[in-house]
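Fit chains B, C and D to the known structure of chain A by using the hints.
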Amino acid sequence: MQEAISRYVRDGDAVVIEGFTHLICFAAGHEIIRQRRRDLTLCRLTPDLIYDQMIAAGCARKLVFSWAGNPGVGSLHAFRRAVEGPGSPLELEEYSHFGMVARFSAGAARLPFWPLRDYAGTDLPKANPLIRTITCPYTGVRLATVPALNPDVTIVHAQRADAEGNTQIWGLLGVQKEAAFASKRVIVVVEELVDTAVIRADPNRTLIPGIVVSAVVVEPWGAHPSYAHGYYDRDNHFYVAWEAISRDSARLADYLAEYVYGVPNRAAYIAKHPGLTDRLTARSQVCAGVNYGF
Amino acid sequence: MQEAISRYVRDGDAVVIEGFTHLICFAAGHEIIRQRRRDLTLCRLTPDLIYDQMIAAGCARKLVFSWAGNPGVGSLHAFRRAVEGPGSPLELEEYSHFGMVARFSAGAARLPFWPLRDYAGTDLPKANPLIRTITCPYTGVRLATVPALNPDVTIVHAQRADAEGNTQIWGLLGVQKEAAFASKRVIVVVEELVDTAVIRADPNRTLIPGIVVSAVVVEPWGAHPSYAHGYYDRDNHFYVAWEAISRDSARLADYLAEYVYGVPNRAAYIAKHPGLTDRLTARSQVCAGVNYGF
Amino acid sequence: MMAAVAARELADGEVVFVGIGLPNLACNLARATHAPNLVLIYESGAVGASPSRLPVSIGDPALVTGSLMVCGMADVFQLFLQNGRIEVGFLGGAQVDRWGNINTTVIGDYARPKVRLPGSGGASEIAAHAHRTLVMAKLDPRAFPEHVDFLTSPGHRCRGIPRRELGLPGAGPVKVITDKAVLEADPKKGELVLAALYPGVRPEAVRAGVSWELRTRTTLLELPPPTARELQLLREVLDPRKLYLKS
Amino acid sequence: MMAAVAARELADGEVVFVGIGLPNLACNLARATHAPNLVLIYESGAVGASPSRLPVSIGDPALVTGSLMVCGMADVFQLFLQNGRIEVGFLGGAQVDRWGNINTTVIGDYARPKVRLPGSGGASEIAAHAHRTLVMAKLDPRAFPEHVDFLTSPGHRCRGIPRRELGLPGAGPVKVITDKAVLEADPKKGELVLAALYPGVRPEAVRAGVSWELRTRTTLLELPPPTARELQLLREVLDPRKLYLKS
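Protein chains in written order, with our numbering: chain A, 38 to 331; chain B, 38 to 331; chain C, 628 to 874; chain D, 628 to 874.
Here chain A stands alone, though its shape is the one from the complex (with noise of 0.2 angstroms):
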């Protein structure tokens, strides 16, 4: 992970570690922390936590985003902070969600906007004039338009991978494929990785193709504390402890300190949970196979 960041992820990049509360890859995030990244442009539907932690890290310069909040908690603070204090340092780009994953979908096919029928009578354009309209050359209606959205790096969390990034996801599916295709370089961070055969059993499962992945880290637990459907359930007691900490800056300094500067690596971060596994770690539930065979 260490080397995967250092070479693939520079100071000013547009970053993007997708995944709609499944596989969002909170180890990627902690080593760009460690490793001191700096005016990034952090891109994500839902930033979540661990942009609340890049944020408070000063990782971030810009953040484009359609829904800041902590899911059936509260508030991000950190962001709440950089937005709502004098002179905000964190410069905003908004969207809703639909505007976002319109925006991946164009990045990922390489078109530079997608249409789609929103935000009539909402004040969303008024504070993003990026959303604009056009009219269709059939009937004549006036739809909306995003611009493509093609980050320069995109970290994927996926349940496993073979050695080339031949990628496979199940359970939720997020935009994790378009945030793929319309990244420059990609970074896929597996909780396993298997041989290509695995891969090669049930071609349908792979969401991302190694010809677009540049590089791979295996790192079980990496997202914890959200989750890989099939190996460990989200950890929604850090998500509720998350209001109190991030609500005062000096205990989220200290949160920091302890578990993300003061780890090397995510074993460490793990070995400094003890009872985390057994509490988590997903039952045993496996569907059938499908016949390949003709």
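Read the hints as simulated data drawn from the structure, not as lab findings.
There may be inaccurate statements among the hints.
[Unchecked claim] One side of the interface only, derived from the structure: several residues of chain B facing chain A at Cβ under 8 angstroms: (1) Arg169; (2) Ile171; (3) Cys173; (4) Pro174; (5) Tyr175; (6) Thr176; (7) Trp207; (8) Arg320; (9) Ser321; (10) Val323; (11) Cys324; (12) Asn328; (13) Tyr329.
A virtual CB, placed ideally from N, CA and C, is assigned to each residue, including glycine.
Just chains B, C and D, lined up with the frame of chain A:
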């Protein structure tokens, strides 16, 4: 099948029987021929043998397509007679594969058009005035557009579905998902009807949800001479044999008389092909399942 | 009571775009009572979810395991929502105004907000495309201003323009379910009016919770309290740990 | 010979958009010899295919089973081809003209065709987006006209307009592999010129197969014949039933 076709396919409808090589529902096409539907607008990327037969049977008024041949063999001669003949009776609306895929994508997303980087320098827009251009509101570049395709009825062949029409497909996916979501009515034809528990055991395999499906028909071997991955192989011998049959309109009429009009249903059709099931039944190569536990 | 009232708004077999919290409780209450065939769709990509535990996030693995379908978010927004397949959408927000517009973005000025809220998420497009939306919010004059500070999700009249002129496919917020009463959009003007009171609530108590001159529908209903069965399901089965039920 | 020549054009590790027939043979010959890591992508949606039998159609199940990935055709054309991930595309056609334009649509007038051909399929977009394309066609004056009757797939100059002015991302048809020789696009004008002869073929024989005044590249090469290994692989392993090898 008889009931589903009589209920959901009407004279003059825009009809889609999709499936790219894989899962082409010949059983539905034959039933449409038997019920003597007329003035249909047949839409498919590759008209294939099934539309050649429906054209020969007089079901079609118009063809919307992107590649009209017998893959790896030769021509669709009923199609060619209808087009090359004096005062061709068949109206054509022609795109490229990407153009047809884009039309289904627009229809499925309920957008009036879809933008694509295509057709520059070609004669296709001259042959089809529905291929137009639009200017990007961000870059000013001109992009091609195609109009949405929203058929009256789409027939999707699949490996399995539950009684509500929650449909699972593996192997080649073609544009089955987009065609189903784009269509006003959807008939799903399956090799196997399964309990909903089978669908819920592996939700990532579901391609089409029951809420968009009008009817579910159970029709084993319903795709022959096309194939159903994991159930039976493609009947390449028949595709080769079709060259000689379709070349001679009398032989083609005899074929329809014996194998379409001459049988009441799919079971009788299969019964007329001794040894077929032995020859084409898929061998078993079942992949491993994945863990949905948490 | 709010969850019970919301549950009663759902007809069996309807396709519902569900949020976390009270809407999720309401949907599962409806499934457990009069609407067993409700199809729950979450913006995270779970379709036909049948959660084995109360989901604490919209991306809870319990929404995936045992669901009918999982799809990417591009499909959720394009093939389901924009396609017009969603019949009911649930919305909430820090501010709901006289015309049913919702603000989940900022309190105060956008550039220098007093309070920075999470933002739209999927709310803006749900408000546009769901056949109808149900809004859930607790009465409070600050939460029910005459006009929202920021218009995140369109209601029946946006900055003076009637909804139909904006070309929005859905009917918009037909009902606002509060902690004391249900407000409805006036069919003609689209203004929110008092439509039904919870047991023992007086109209003045409702008017005190909104900052405009709240009109009352000609026929003001009084809603029956939650049945014993509804309360038992909510308290013992659906939310035994009181994650979302305050009382 | 054509398959062997085409195979030598492929570098190890390249991403190739493959058609059925000779292109498929050429790719599998390359994989069996100098390019084991070639990534084969078929428009049907099979990525990284490793067919256990010679596929007789572009949607053969043998292209799916054992492949690295299967995706829908919307992804094939948008995420792979339009995205610029395809390095080499194979094309063929009934007519290839002086500028490398290809016709697979009609012979004669579009409205009243003498011969109705299958149409574009994916050829039009492959010609536009693949980083470079290789065309395979047998020499014949009718197959190599000065101008195609219908321009299905763009070459280096379309109806007088240079390719670069059309904003096409790919470099277009860099080589045309025929049964007697290899033609190359002149780097400046984009016109096809005679670049290399097969063993024992005289230039006149090639010119006789083209209906325009075929120019010859300053350095005219003679290509070595297929090696014994190449012939053995083609005849005994890759196409023992001679589905695509005529001799």
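Taking the hints in turn, this is what the structure says about them:
Given hint, Arg169 of chain B at the interface with chain A, holds; its Cβ is 5 angstroms from that chain's nearest Cβ, closer than 8 angstroms. At its closest, the beta carbon of Ile171 of chain B sits 6 angstroms from a beta carbon of chain A; the interface hint therefore holds under the 8 angstroms criterion. Given hint, Cys173 of chain B at the interface with chain A, holds; its Cβ is 4 angstroms from that chain's nearest Cβ, closer than 8 angstroms. This hint holds: Pro174 of chain B has a C-beta 5 angstroms from the nearest C-beta of chain A, less than the 8 angstroms allowed.
Hint on Tyr175 of chain B holds. Least Cβ distance to chain A is approximately 5 angstroms, under the 8 angstroms limit. Interface restraint check: Thr176 of chain B against chain A, minimum CB-CB distance 4 angstroms, threshold 8 angstroms, status holds. Residue-level restraint check for Trp207 of chain B holds (minimum Cβ-Cβ distance to chain A is 5 angstroms; threshold 8 angstroms). Annotation: interface hint on Arg320 of chain B holds; nearest CB of chain A at approximately 4 angstroms, less than 8 angstroms.
The interface hint given for Ser321 of chain B holds, since its Cβ lies 5 angstroms from the closest Cβ of chain A, which is under the 8 angstroms cut-off. For Val323 of chain B, the shortest C-beta to C-beta distance to chain A is roughly 5 angstroms, which falls under 8 angstroms, so the interface hint holds. With 8 angstroms as the threshold, the beta carbon of Cys324 of chain B comes within range of chain A, its nearest partner Cβ sitting at about 4 angstroms, so the hint holds. Hint on Asn328 of chain B holds. Least Cβ distance to chain A is approximately 3 angstroms, under the 8 angstroms limit.
Annotation: Tyr329 of chain B was flagged as interfacial toward chain A, and the flag holds, the nearest CB pair being 5 angstroms apart, inside 8 angstroms.
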